[in-house]
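So the sequences go chain by chain: L and B.
The numbering of the first sequence is this note's numbering, which starts it at 63 and goes up by one.
The numbering of the second sequence is this note's numbering, which starts it at 26 and goes up by one.
Hints listed in this document are in silico derivations from the structure and should not be mistaken for laboratory results.
Please note that a few of the clues may not be correct.
Not the full set, but computed from the structure, chain L residues with beta-carbon under 8 Å of chain B [unchecked claim]:
#1 Leu-73
#2 Ile-136
#3 Met-140
#4 Asp-144
#5 Gly-243
#6 Ser-244
From the derived model, a few chain B residues whose C-beta atoms are all more than 12 Å from chain L [as the list claims (entries may be wrong)]:
#7 Gly-113
#8 Tyr-220
#9 Gln-277
#10 Gly-278
#11 Lys-321
#12 Glu-322
#13 Thr-332
Think of the CB as a built atom: it goes at the ideal place given N, C-alpha and C, for glycine as much as any other residue.
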Amino acid sequence: MKLISLREKLLLLEKKVEIVNWRLGQERFEAGPYDIVIIEGNPLIQQEVDLLKELRNNTPILISLGACAGLGGIPAIMPEKDRKMWYEKIYTSQYHPRGIDAVPLSNYVKIDFTIHGCPIDEEEVIRVIEELLSGKKPSYRGYSVCFECKLAGNSCLLLENKPCLGPITQGGCKAICISGGSPCYGCFGLREEANIPALKKIFDIKKLFSMFHSRTKI
Amino acid sequence: MITNEFIAKIEGHGSLRVNWENNTIKLHVHEGERLFEGILVGKTAEEAHWITPRICGICPIAHNLASLASLENALGIKINETAKLLRGLMKAGQMIQSHVLHLFFLSLPDYIGLDKGTELVKKDPKSFAKALSLKELADEIAFVIAGRNVHPTTTAIGGFHKIPSKKELEKLLEKIKKTEKEVEWAVKFFSELKYPELKVDLELVSQKDGKIVSNKTSDVDRKTSDVDIKDYKQNLEEELRDYSTAKFGKFQGREIMVGALARLANVRHSVSNILDFNNPFHNNIAQAVEIFEFSKEAEEIIEKLLTREMDSIIAKPSENATLKGIGAVEAPRGGLYHEIHLDEKGIITYANIITPTVQNLTSIEKSANALMEQFKDRPTKEKEKLLNMLVRAYDPCITCSVH
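Bound-form chain L, shown alone:
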């Protein structure tokens, strides 16, 4: 949905990169090897882990897209040890489950760059591809969500004694959740040199914000 929201820019992107395998968007299928592979979501069955490893071995640039692939995200909230109980509750005890623990891609293979967000910011896809095409290694944003939050003209939730992960979260989202009246849930991942202990003094991060960060060491 987010990629199609690029509209005219998606056409520009298609002029620069040839998309040879994108099941959701086209029938055209080429078995690779590829120059760049972008992967969304967590592997949830063993075959997907095997595929991920195969792609890693044959691809120079592997990029993860979104919070599930990058952080574990919502599916990773389910602890591995609880999966059996929930298979039984949701599907019955006769059911033969196929699923495995939902974890970030980086638990299995090396990821060259992570496009963060749930959802991603579609402009970020353009930026990363542009930088790769010009031979640059894409860089992460060195500032927190707070920086963009100030630019957006929002008042600070922490100053109102409301919890928010803005200070430890990497910018790039334009502080869109806070502008909508919600706190920052940290879906863009931790920023470099995040001062986690300071934020922990204000509120219990793990208790309030496990949504995207259940597998992050905080």
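The hints should help you fit chain B onto chain L, whose structure is shown.
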């Protein structure tokens, strides 16, 4: 292994397995179990309408609205008129957004000999520009009301954290009016495409005025057959199949189709004459008709909002709340049901979700088998193509079905 076994241009991993000897078909669903109903348990009520949109990137607003409705039902909250209207606007935006994406980018290539939606820019640049302006309109409605084009940020249990200004609404209204021609064109465009002539005895089911309504029953026994939404669980059974991680839904034991075609069948719409309610391929035309319908509805809602005082107050829970709630909305692909139970502290103790695609999976198999029978003299390659087109016409969200 790098494979193309999954059906392209649908959300999620599904494949049709054809038994060419006896001409029967099974729809295999390969997604790993996502266990959202388990993920919700132990979370706070405030997180539910934030977590469930992540079931689907194409209809996140519908999940957001269904969770909010179930929580408000559980907490005995009545939202104010402004919030009701704004949520109606969100739903209209969601319908247009999802239908435009499906029609132009997933389905249309089947009918005009393209591989992907963006190739339309070469073949018919004017039509492509119109498609993009429809997408832009839908994204704009979602952005102004819900705070973002996907995954709402402004909604809260009891109303909205933030409501749009009248100036923003006026601008949005202007945009809707400016896009009227494109909206009308979309209906004409999709009704003039040539669809395979498949005849299936479809039972079309949708939500209407707090009921689950089927078009199958005659007017005489209609009253007894329509069921209250609160009885959704007894009437929408889910079966397990050993070839699928999604459950297969049935209504009172029968295969049903839900979504745009079903909704239009059950309101006996004025444009019903361009629709064949026994041909699942016509779901495409029905979606185009709904782009028109929901754009009109969005216009009407904004006009209503502009004539009244906007109320931004978030409604509070009632003191004698039952703590058990059901939220049902018509999502782009059909009836969506969320049921959530809370404990006294507002922690979720139970969650049940039935998505539209769960209900459609059974019907997809039925229609695919009908296609095999009715098109049996066609070459195998052509049959395979038709089967994929048929699945796409249902606009399944396999990812949603394994929630």
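Are all C-beta atoms of chain L more than 12 Å from that of B/Gln-277? 21 Å, holds
Interface hint for L/Leu-73, Cβ within 8 Å of any Cβ on chain B: Status holds, d = 6 Å.
Would you settle whether the hint for L/Ile-136 is holds or violated, based on the nearest Cβ-Cβ distance to chain B being less than 8 Å? Result: holds, 4 Å to nearest chain B Cβ.
Consistency of the no-contact label for B/Thr-332, given chain L and a CB cut of 12 Å: Consistent with the label, B/Thr-332 stays out of reach of chain L, its closest Cβ about 25 Å off (over 12 Å).
Evaluate the condition: distance from the CB of B/Gly-113 to the nearest CB of chain L exceeds 12 Å. Non-interface label stands for B/Gly-113: nearest chain L Cβ at 19 Å, farther than 12 Å.
Separation of B/Tyr-220 from chain L, once the least beta-carbon distance is taken, above 12 Å: With a cut-off of 12 Å, B/Tyr-220 remains clear of chain L, as the shortest Cβ separation is near 19 Å.
Evaluate the condition: distance from the CB of B/Lys-321 to the nearest CB of chain L exceeds 12 Å. Label holds. Min Cβ-Cβ 23 Å, cutoff 12 Å.
Checking the smallest CB distance to chain L, is B/Gly-278 really beyond 12 Å? 19 Å, holds
Status of the L/Met-140 interface restraint (C-beta, 8 Å, chain B): OK, holds: L/Met-140 within 8 Å of chain B, min 5 Å.
Is it the case that B/Glu-322 keeps its Cβ farther than 12 Å from each residue Cβ in chain L? The assertion about B/Glu-322 holds, with a minimum of 21 Å to chain L.
Less than 8 Å between beta-carbons is the criterion; does L/Ser-244 satisfy it with respect to chain B? 5 Å, holds
Please check whether L/Gly-243 passes as an interface residue: C-beta within 8 Å of a C-beta belonging to chain B. Check passed: Cβ of L/Gly-243 comes within 2 Å of chain B, closer than 8 Å.
Checked against the numbered hints given earlier, the structure satisfies every one of them.
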